[in-house]
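There are 2 protein chains.
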Amino acid sequence: MAATSVFFSPLSLLRCSLAIRTYAPEAFISHRLGRNRRSPLPSISNSGRCLRHIAASTTNEEASAKAAAASAESGAPTIFDKIIAKEIPSTIVYEDDKVLAFRDISPQAPVHVLLIPKLRDGLTELGKAESRHGEILGHLLYVAKIVAEKEGIQDGFRVVINNGQQACQSVYHLHLHVLGGRQMKWPPG
Amino acid sequence: MAATSVFFSPLSLLRCSLAIRTYAPEAFISHRLGRNRRSPLPSISNSGRCLRHIAASTTNEEASAKAAAASAESGAPTIFDKIIAKEIPSTIVYEDDKVLAFRDISPQAPVHVLLIPKLRDGLTELGKAESRHGEILGHLLYVAKIVAEKEGIQDGFRVVINNGQQACQSVYHLHLHVLGGRQMKWPPG
Chain B
1 MAATSVFFSP LSLLRCSLAI RTYAPEAFIS HRLGRNRRSP LPSISNSGRC LRHIAASTTN
61 EEASAKAAAA SAESGAPTIF DKIIAKEIPS TIVYEDDKVL AFRDISPQAP VHVLLIPKLR
121 DGLTELGKAE SRHGEILGHL LYVAKIVAEK EGIQDGFRVV INNGQQACQS VYHLHLHVLG
181 GRQMKWPPG
Chain W
1 MAATSVFFSP LSLLRCSLAI RTYAPEAFIS HRLGRNRRSP LPSISNSGRC LRHIAASTTN
61 EEASAKAAAA SAESGAPTIF DKIIAKEIPS TIVYEDDKVL AFRDISPQAP VHVLLIPKLR
121 DGLTELGKAE SRHGEILGHL LYVAKIVAEK EGIQDGFRVV INNGQQACQS VYHLHLHVLG
181 GRQMKWPPG
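If you're matching them up, the sequences are chains B and W in order.
Residue 1 is where the first sequence starts when you use the working numbering, and the numbers rise one by one after that.
Residue 1 is where the second sequence starts when you use the working numbering, and the numbers rise one by one after that.
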């Protein structure tokens with residue numbers, strides 16, 4: 001598998017920055033996920049094993065978000081800067097001069113893409129948005145639709161933005177999750 | 001409780017359009033929810049009852065989305081038109097000349113607000129977005145931040161857009177869910 005087949009997520013990227021030195025990216029992914037990249041998650045009501053899996057996933061995301069929140073106000077560069085600079089490989093599914101979309105390393109659906117503005121411009125999170133950000137925010141949502149089309153999920157996809165620790169935000173550079181390819185559940189987490 | 005304390009959701013509004021003739025809105029809400037409007041949902045791992053509740057909720061949303069999808073392409077008016085016209089009461093938390101934000105009748109978190117463009121302009125769903133929609137899309141995301149501030153959840157909230165049946169979209173008028181006031185889980189549905 002080529003390096004360009006690596007998938008990144010806010011949570012996993014934090015770990016990946018350490019782990020990538022000791023694991024080939026593919027081994028790292030296989031080690032973490034233990035499943036095929038496009039395999040849909042099992043149904044919430046399928047089995048005790050599934051519920052434990054979901055509980056563990058939730059705990060990990062909450063812990064990661066808590067750690068990230070501690071430095072949220074620093075304005076320090078994030079792992080996304082290295083992805084934008086192509087210093088860390090990612091599987092890019094869309095790119096223009098304003099935004100970048102790439103696969104999540106820990107997909108929560110058969111299609112799970114992260115979509116970010118290339119220039120953070122104060123948008124560590126949606127909660128920092130000002131009226132002057134309207135253009136980039138609109139472009140991000142429009143590109144979410146383009147990504148869905150390119151991924152063949154235009155008839156069924158969910159866009160999610162996490163803001164802050166209670167929403168499991170783990171990288172303080174605004175990002176949209178575009179998920180699809182399976183039946184999404186309700187409530188949304 | 002005044003009529004202005006009614007909360008609307010895509011799913012429930014479909015039922016509400018029938019039920020409102022036989023229930024006072026408050027009674028209808030109590031009948032459906034059986035809990036306080038701001039009570040957080042129980043943890044996913046708390047009990048079998050909780051899991052059954054979630055499973056039932058998911059099934060209902062999926063069934064509602066399936067029914068709604070059948071007429072998605074018709075472009076017919078939706079229940080949101082009546083809310084925008086104030087023909088059906090809602091608890092409005094933000095309004096300007098372009099958008100309206102009001103509480104969900106079936107909240108999935110202590111704060112659960114729906115945010116819609118007043119003029120649908122072809123946006124039955126995000127998947128119908130064209131580049132000309134950039135301004136309203138950007139304004140919607142910016143107002144999501146304003147809503148979070150007004151609701152006191154600016155430090156932790158999730159924005160969700162469902163597109164199509166597989167994502168549980170049940171009203172074909174673009175709408176953003178703004179949820180907060182509890183720890184959100186992962187995956188997001």
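Keep in mind the hints are simulated off the structure, nothing from the lab.
Treat the hints with caution; some may be incorrect.
Said to hold, decoys possible - Covered by chain B, according to a simulated footprint, are these stretches of chain W (three or more residues, beta-carbon under 8 Å):
hint, segment
1, 84–93
2, 114–124
3, 141–147
Said to hold, decoys possible - The calculated BS3-like cross-link candidates involving lysine-lysine, where the alpha carbons are at most 27 Å apart (straight line), are:
hint, chain 1, residue 1, chain 2, residue 2
4, B, Lys98, B, Lys118
5, W, Lys118, W, Lys86
6, W, Lys128, B, Lys150
7, B, Lys98, W, Lys128
As the list claims (entries may be wrong) - Computed beta-carbon distance windows for the label pairs:
hint, chain 1, residue 1, chain 2, residue 2, range
8, W, Ser131, B, Glu130, 18 to 28 Å
9, W, Lys98, B, Lys98, 21 to 31 Å
10, B, Ser71, W, Lys86, 43 to 53 Å
11, B, Ser71, W, Ser74, 48 to 58 Å
12, W, Gly75, B, Lys150, 43 to 53 Å
13, W, Ala70, B, Gly122, 37 to 47 Å
14, W, Ala63, B, Gly122, 16 to 26 Å
15, W, Asp155, B, Ile92, 25 to 35 Å
Cβ coordinates follow ideal geometry from the N, Cα and C atoms, glycine included.
Here's how the hints hold up against the structure:
1. 84–93: Violated, because only 0 residues of the segment 84–93 of chain W bring their Cβ atoms closer than 8 Å to Cβ atoms of chain B.
2. 114–124: violated (count 0)
3. 141–147: As far as the segment 141–147 of chain W goes, the hint holds, because 4 residues have Cβ atoms under 8 Å from chain B.
4. B:Lys98 <-> B:Lys118: Distance of about 6 Å is within 27 Å: holds.
5. W:Lys118 <-> W:Lys86: Holds, at roughly 12 Å.
6. W:Lys128 <-> B:Lys150: 14 Å, holds
7. B:Lys98 <-> W:Lys128: 21 Å, holds
8. W:Ser131 <-> B:Glu130: 18 to 28 Å: 22 Å, holds
9. W:Lys98 <-> B:Lys98: 21 to 31 Å: Distance hint for Lys98 (chain W), Lys98 (chain B) holds at roughly 23 Å.
10. B:Ser71 <-> W:Lys86: 43 to 53 Å: 45 Å, holds
11. B:Ser71 <-> W:Ser74: 48 to 58 Å: Between Ser71 (chain B) and Ser74 (chain W), where Cβ atoms are some 49 Å apart, the hint holds.
12. W:Gly75 <-> B:Lys150: 43 to 53 Å: 25 Å, violated
13. W:Ala70 <-> B:Gly122: 37 to 47 Å: 43 Å, holds
14. W:Ala63 <-> B:Gly122: 16 to 26 Å: For Gly122 (chain B) against Ala63 (chain W), whose Cβ atoms are near 42 Å apart, the range 16 to 26 Å is violated.
15. W:Asp155 <-> B:Ile92: 25 to 35 Å: With Cβ atoms ~32 Å apart, the hint holds.
Hints 1, 2, 12, 14 from the earlier list are contradicted by this structure; the remaining hints agree with it.
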